[in-house]
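Enquirer: Produce the complete structure using the sequences and hints provided.
Residue numbers (my numbering), protein chains in the order written: chain A, 23 to 441; chain B, 15 to 228.
Hints were generated in silico from the structure; no laboratory data involved.
Every residue gets a Cβ at the ideal spot worked out from N, C-alpha and C, and that includes glycine.
Careful, some of the hints might be misleading.
As the list claims (entries may be wrong) - DSS-like, lysine-lysine: derived pairs with alpha carbons at most 30 Å apart:
#1 Lys154/B x Lys119/B
#2 Lys223/B x Lys119/B
#3 Lys122/B x Lys154/B
#4 Lys120/A x Lys202/A
#5 Lys422/A x Lys42/B
#6 Lys223/B x Lys84/B
#7 Lys119/B x Lys134/B
#8 Lys38/B x Lys426/A
#9 Lys133/B x Lys154/B
#10 Lys42/B x Lys426/A
#11 Lys42/B x Lys92/A
#12 Lys422/A x Lys38/B
#13 Lys119/B x Lys133/B
#14 Lys38/B x Lys92/A
#15 Lys223/B x Lys133/B
#16 Lys223/B x Lys100/B
#17 Lys122/B x Lys133/B
#18 Lys223/B x Lys122/B
Stated by the list, open to error - Away from chain A, derived, C-beta distances all over 10 Å, residues of chain B:
#19 Val16
#20 Lys154
#21 Asn158
#22 Leu182
#23 Thr199
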Amino acid sequence: MRQFFGIFGNLSEVTVGSSKPLAGLLLEILPPLPAFLEEYEQLLAMITACGIFVGVVPLIPLVLVLAERKVSAFIQDRTGPMRVGPWGILQTLADGVKLLFKEDLIPPYGDRVLFRLAPYIIVCFSLAAFVAIPFGAIDLGDERYVFIVSNLNIGIFYILAVSSVIVIGIIMAGWASNSKWSLLGSLRSAAQMVSYEIPVGLSILSVIMVVQTLNMQGIVDQQDGGLHSWLIFRTPFSFIAFFVFFISAIAEVNRTPFDLPEAESELVAGFHTEYSGMRFALFFIAEYANMFAVCAIAVTLFLGGWQGVLPGIDILGGLPGFVFKTLFLVFVMMWIRWTLPRLRVDQLMNLCWKYLIPVSFFNILGVGIWMLIFGADTMDMKSLGPSLVVIVIAVFILLKQVFKGVSGTKRETTPVPSS
Amino acid sequence: MVGYISNIYVGVYTVLVGMVITFKQMFKPRVTHQYPYQYEFERKDNYREIPIGNRGQLHNRVEDCIVCNKCAQICPVDCIYIDSRKPSGGRGAKLWESMNVVHLKDRKQIIGIVEGDTKKIEPDTEITINQTVPTGQTRKVSSNDVDRIVERKKVTFYMDRFDIDMALCMYCGLCTEVCPTECLTMVDTLQGIEYSEFDRANLNYSFVKPELYK
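Expert: Put into structure tokens, the structure is as follows:
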């Protein structure tokens with residue numbers, strides 16, 4: 023028995039890159055346990071650390087749903103929810119309470135067991151991705167404690183694996199609903215998520231090549247030292263890889279312009295058409311938690327994780343900075359959602375197989391060549407200068423075209439006098 | 015190959031153009047009006063005037079009402095309740111012989127007996143009114159402020175009750191058509207439209223002014 027719980031002891035003591043996970047921090051700062059529990063203190067610390075995440079993560083959708091509605095409203099010159107609470111900030115809470123009390127309908131002739139199981143699988147595995155994301159780090163004494171449930175040495179690989187399981191939940195939901203809308207939506211979703219796993223994996227690979235580790239905290243450690251050491255600026259190819267990753271991530275979480283699985287005009291609501299009440303809310307929680315997780319991964323891999331913009335300034339262990347960066351990416355996702363229309367199925371597959379995947383392969387090749395030129399082992403500041411030059415020139419050319427385009431649309435909207 | 019790369023380039027920059035436009039849109043003023051809390055929209059361009067012939071809340075100018083009971087008789091849903099009685103003094107007794115209602119230009123009314131000629135109003139003169147409602151006061155008004163002076167019909171009934179249940183009313187407007195003195199009208203302002211209540215009993219409007227008959 024003691025040996026069994028010893029496993030957990032090892033987990034909380036795992037030190038990768040001289041840092042300990044959240045359970046170690048809890049053991050350090052919380053008062054000592056009574057004698058009869060001392061044996062299990064490692065286990066209890068792990069459970070508490072998990073509990074913090076399980077308790078906090080479902081609150082993310084509460085904020086993001088409101089943010090989504092407000093952002094959409096602002097883009098469309100509306101005000102969004104305004105009645106519940108000041109500026110409508112309690113609207114999502116009210117909706118959540120309403121959904122709790124709604125009738126839990128299960129469609130007849132559906133598969134009752136799978137129908138009940140599907141939302142839990144989706145929520146569980148979207149929460150599981152949060153296990154390996156470092157939210158910040160704090161130095162106590164000689165040790166560095168990272169706000170991470172488990173500092174896995176295969177962190178990013180684990181996240182990729184876990185987030186792919188969500189597809190199974192979605193297909194389960196679609197099949198068990200015994201509805202054509204649900205089934206078509208879930209199959210579309212499966213096709214889309216499986217396709218877009220590839221550019222996600224490949225663009226992550228180009229980062230892994232630079233940092234030479236799969237451990238999430240290890241990746242963040244390498245981006246120490248301010249804005250210029252973020253991985254997005256290390257090579258021009260990782261700059262491209264960030265955008266490939268971000269586009270694929272939007273498709274992974276089934277959001278507009280890739281929201282074919284939930285296309286209202288075609289499939290009513292996609293795989294969750296038949297769901298009501300709290301089960302529907304679980305899908306919602308999973309969707310927004312996924313969004314947050316994907317953005318958090320993007321921040322960790324490319325935008326320096328919890329490391330600050332300036333070196334040495336990590337307020338509260340970098341947690342606020344991390345959340346701010348992540349929420350900014352979430353905002354960009356919403357911004358894109360309310361800008362672009364939905365793609366067709368063939369366009370979706372075109373984009374993935376003909377553009378994103380070749381570009382990711384090109385990135386891997388490019389990173390390899392870059393490492394060959396500037397030194398493979400460290401990728402230190404030697405490569406930064408040339409990389410920044412390439413990035414700045416590319417962005418400059420692009421922005422010039424963009425502002426030309428923006429001012430061009432203005433000209434077109436001026437009324438033409440009719441003769 | 016050139017086409018492929020330019021395809022990516024065009025794709026990226028057109029998306030960015032769209033995003034710049036939506037970002038600019040985010041800082042434009044909102045067009046939504048928080049209607050029950052915000053009335054400023056009345057002065058904005060997109061305010062829709064209440065159209066002529068709108069059927070709104072019923073209102074009775076009791077000063078002109080002769081309690082003829084026609085409105086209560088024609089009402090299809092019987093939502094007008096009138097109780098009246100004759101004044102003491104036997105047949106032919108009147109409450110008052112003649113009275114004027116002076117309509118001012120700012121939509122106020124003064125009820126009383128106007129001294130002098132009421133048919134013609136000459137500009138820049140003073141009109142003296144011995145007020146009857148409320149009684150005893152004398153008011154002097156410049157004739158420039160006066161819109162018109164109306165002579166009251168003889169009032170031969172006390173009005174004890176004049177209630178209109180707007181919860182019952184079907185807005186047919188028949189009562190306003192039969193009214194001989196044109197005193198029963200439908201309110202053509204915003205107040206005639208938005209008078210919803212939480213309690214249905216509050217929709218029963220009473221128009222009696224007992225002080226008129228003192």
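Enquirer: Please go over all the hints and tell whether each is borne out by the structure.
Expert: The hints, checked one at a time:
1. Lys154/B x Lys119/B: The given pair, whose Cα atoms are some 15 Å apart, holds under the 30 Å limit.
2. Lys223/B x Lys119/B: 23 Å, holds
3. Lys122/B x Lys154/B: 14 Å, holds
4. Lys120/A x Lys202/A: Distance of about 27 Å is within 30 Å: holds.
5. Lys422/A x Lys42/B: 24 Å, holds
6. Lys223/B x Lys84/B: 20 Å, holds
7. Lys119/B x Lys134/B: Status holds; Cα separation ~16 Å.
8. Lys38/B x Lys426/A: 15 Å, holds
9. Lys133/B x Lys154/B: 17 Å, holds
10. Lys42/B x Lys426/A: 21 Å, holds
11. Lys42/B x Lys92/A: Holds, at about 14 Å.
12. Lys422/A x Lys38/B: 17 Å, holds
13. Lys119/B x Lys133/B: Measuring from Cα to Cα gives roughly 17 Å; hence the hint holds.
14. Lys38/B x Lys92/A: 15 Å, holds
15. Lys223/B x Lys133/B: It holds: about 28 Å lies between the C-alpha atoms, which stays within 30 Å.
16. Lys223/B x Lys100/B: Holds. Lys223/B to Lys100/B sits at ~16 Å (cutoff 30 Å).
17. Lys122/B x Lys133/B: 19 Å, holds
18. Lys223/B x Lys122/B: 17 Å, holds
19. Val16: 15 Å, holds
20. Lys154: For Lys154/B, whose nearest Cβ neighbour in chain A is about 51 Å away, the distance exceeds 10 Å, so it holds.
21. Asn158: 46 Å, holds
22. Leu182: Leu182/B is indeed farther than 10 Å from all Cβ atoms of chain A, at 31 Å.
23. Thr199: 35 Å, holds
Every hint from the earlier list agrees with this structure, and none is contradicted.
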